[in-house]
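Build out the structure end to end from the sequences listed, making use of the hints.
Protein chains in written order, with my numbering: chain X, 1 to 114; chain D, 1001 to 1114; chain U, 2001 to 2114; chain S, 3001 to 3114.
Treat the hints with care, since some could be wrong.
As the list claims (entries may be wrong) - Ranges of calculated distance between the beta carbons of each label pair, as one might list FRET restraints: (1) U:Met2100 x S:Arg3099: 34 to 40 Å; (2) D:Ala1066 x X:Pro114: 39 to 45 Å; (3) D:Ala1066 x S:Glu3071: 33 to 39 Å; (4) D:Arg1064 x U:Arg2099: 38 to 44 Å; (5) S:Asp3005 x X:Gly103: 46 to 52 Å; (6) X:Arg64 x U:Asp2005: 30 to 36 Å; (7) U:Gly2072 x S:Ile3067: 38 to 44 Å; (8) X:Val110 x S:Asp3102: 28 to 34 Å; (9) S:Pro3031 x D:Arg1106: 43 to 49 Å.
Unchecked claim - If you only want the chain S side, here are some residues facing chain U, beta carbon under 10 Å, derived: (10) Pro3006; (11) Gly3014; (12) Phe3024; (13) Thr3057; (14) Val3101.
What the hints assert, rightly or not - Stretch-level coverage of chain U by chain S, calculated; a stretch enters the list once three of its residues show a Cβ under 8 Å from a Cβ in chain S: (15) 2032 to 2043; (16) 2083 to 2093.
Hints listed in this document are in silico derivations from the structure and should not be mistaken for laboratory results.
If you're wondering where the values come from, they're calculated on a predicted model, not measured in any experiment.
All residues carry an ideal CB built from backbone N, CA and C; glycine is no exception.
4 protein chains.
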Amino acid sequence: MDPTDPQAACFEAGVKFGSLYHQFAGTPVAPDSTASLEQAMAEAIENQPFCESVTVTIDEGRVREAIDHDEGYTELTGALMDVEMHIDYEGVLVHTEMRMVDGYPRMRVVSVEP
Amino acid sequence: MDPTDPQAACFEAGVKFGSLYHQFAGTPVAPDSTASLEQAMAEAIENQPFCESVTVTIDEGRVREAIDHDEGYTELTGALMDVEMHIDYEGVLVHTEMRMVDGYPRMRVVSVEP
Amino acid sequence: MDPTDPQAACFEAGVKFGSLYHQFAGTPVAPDSTASLEQAMAEAIENQPFCESVTVTIDEGRVREAIDHDEGYTELTGALMDVEMHIDYEGVLVHTEMRMVDGYPRMRVVSVEP
Amino acid sequence: MDPTDPQAACFEAGVKFGSLYHQFAGTPVAPDSTASLEQAMAEAIENQPFCESVTVTIDEGRVREAIDHDEGYTELTGALMDVEMHIDYEGVLVHTEMRMVDGYPRMRVVSVEP
Chain X
1 MDPTDPQAAC
11 FEAGVKFGSL
21 YHQFAGTPVA
31 PDSTASLEQA
41 MAEAIENQPF
51 CESVTVTIDE
61 GRVREAIDHD
71 EGYTELTGAL
81 MDVEMHIDYE
91 GVLVHTEMRM
101 VDGYPRMRVV
111 SVEP
Chain D
1001 MDPTDPQAAC
1011 FEAGVKFGSL
1021 YHQFAGTPVA
1031 PDSTASLEQA
1041 MAEAIENQPF
1051 CESVTVTIDE
1061 GRVREAIDHD
1071 EGYTELTGAL
1081 MDVEMHIDYE
1091 GVLVHTEMRM
1101 VDGYPRMRVV
1111 SVEP
Chain U
2001 MDPTDPQAAC
2011 FEAGVKFGSL
2021 YHQFAGTPVA
2031 PDSTASLEQA
2041 MAEAIENQPF
2051 CESVTVTIDE
2061 GRVREAIDHD
2071 EGYTELTGAL
2081 MDVEMHIDYE
2091 GVLVHTEMRM
2101 VDGYPRMRVV
2111 SVEP
Chain S
3001 MDPTDPQAAC
3011 FEAGVKFGSL
3021 YHQFAGTPVA
3031 PDSTASLEQA
3041 MAEAIENQPF
3051 CESVTVTIDE
3061 GRVREAIDHD
3071 EGYTELTGAL
3081 MDVEMHIDYE
3091 GVLVHTEMRM
3101 VDGYPRMRVV
3111 SVEP
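Have a look at this one:
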C-alpha cells in the first residue's frame, strides 16, 4: 500500500535523525566547542525539506567525563547529546527525540499530529 | 498522539536511509571499487535494528562520468547510486528506495504492509 | 628512517585536513547557515593535537550557484570552501591551505618553518 | 620555506589517515560485517593520489566486547581497528600506521625512505 501522509511524515523525520547522527558522529568536541557544534548541527539539518526545527544539546558534563585528560577532547557520540526535532510534512506534525535510556541513546517518535 | 506501529516502522526506515547516506557520502570511489563499497554499505546498515535487507547499486557508468580524468576517482553522492531497503518493525513491512528523479536523488516509501 | 620533526609536523597537518574534509563533506548547507558551519568546523579541528588555528571560509556565492532552487540547500564539498590551517609540532610551524586550482580543490603545504 | 618532497609525502600520508578515520568512524559494524568493511575502507582510500596500499584490520574480538548484547552491533572507532598505509610521493616512500598504544589509537609515521 502507498504510505499515508502521517507515515511519509515519520519517514522524513527518520531521515533527518539518521542524517544528523551519521554526519556529525565522530566530530572532535571539547567543553568549549559544544556551543558552535550544537548550532551548526541544528542549522544544517533545518535546511532539509519538511524540517521545522532542530534542537541539539551537547552535555558538557558528559563531554568532560568522556575526555582523555591527555588529549583534551573526545569524539561526538549519541551518548553525549540530546536532540529534539519537529517535522511538518503536508500539515502532519511529527515530534521526535533522542535521549539516553538505560545507558543507550534512543531515537523515537514522541507524537504525530493530527 | 503516540505513533502507530506503521508510523514507527516508517520512522525506522527513514533513520536507516539518513544513516546510509550521510555515513558514506564523500567516500572516494572509482569503477573498480564500487563492488566492495556496495557490499560494505549494505552489510553495515543491515546491522541496524529492524533492517531486513539493503541493496546498494553504484552505477559504474555514472561514476566514470563524474571522474576527473587526472584524479581517477570521485566522491560518492546520491546521484551515483540506487538503494532499496526493507524494514520489518513489529510485523509491519516497509519498502523504501532512493532513485534519480528529474536529475535529483529522491528517497521515498514505496509501500507499507499490512 | 624515523621521521624528522618537520616530517612528523607535516603528517599531523595532513591528518587535520583529511579529518576536516571527510567529517564535514556532505553537510547540508545554505547561504544563511554557512557562518555556523564555518565556526563549528574550525573549533572542532582546533581541538586536535598540535592544531594552532583553523580558518574555514564557505563561499556564499558558490553555495548559491550549487543550490537546486527547489530544495534551497546543497551539500558541502571542497569546491565550496577555502581552508587555512596552522600546525605547531615541537616548535615546527606548518602552514597549509585548501583552495580551488583549475577547478578542483587542492590541499597543500604552503610553508614549513624553521 | 617550501616543503621538501619528504615533507609533502608525509602531508599526503596524513591526509589519507584523517580521511579514512573520519569517513568511516561511526559505521555500524558487527563480527560478520568486519570483512566487507575492511575491504571497502582499503579500496576507497587507495583511490586517493599517491596511495600505494592500505590494510585495515578490524578486530573481531574487540568488536564483540564493544557490542551491546541487545543491539548486536557497535559503531566503528579507532579502538577497534589497526591500519597500515604506504604512500609513494615522487619516489619518497612513507609507511604509516594506527595502533592502540596505552589504550588509545595512535596514528604515526613509521618510516620515510629515502
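Checklist entry - Against the structure shown, which of the earlier numbered hints fail to hold, in ascending order? => result 4, 8, 9, 13, 14, 15 and 16
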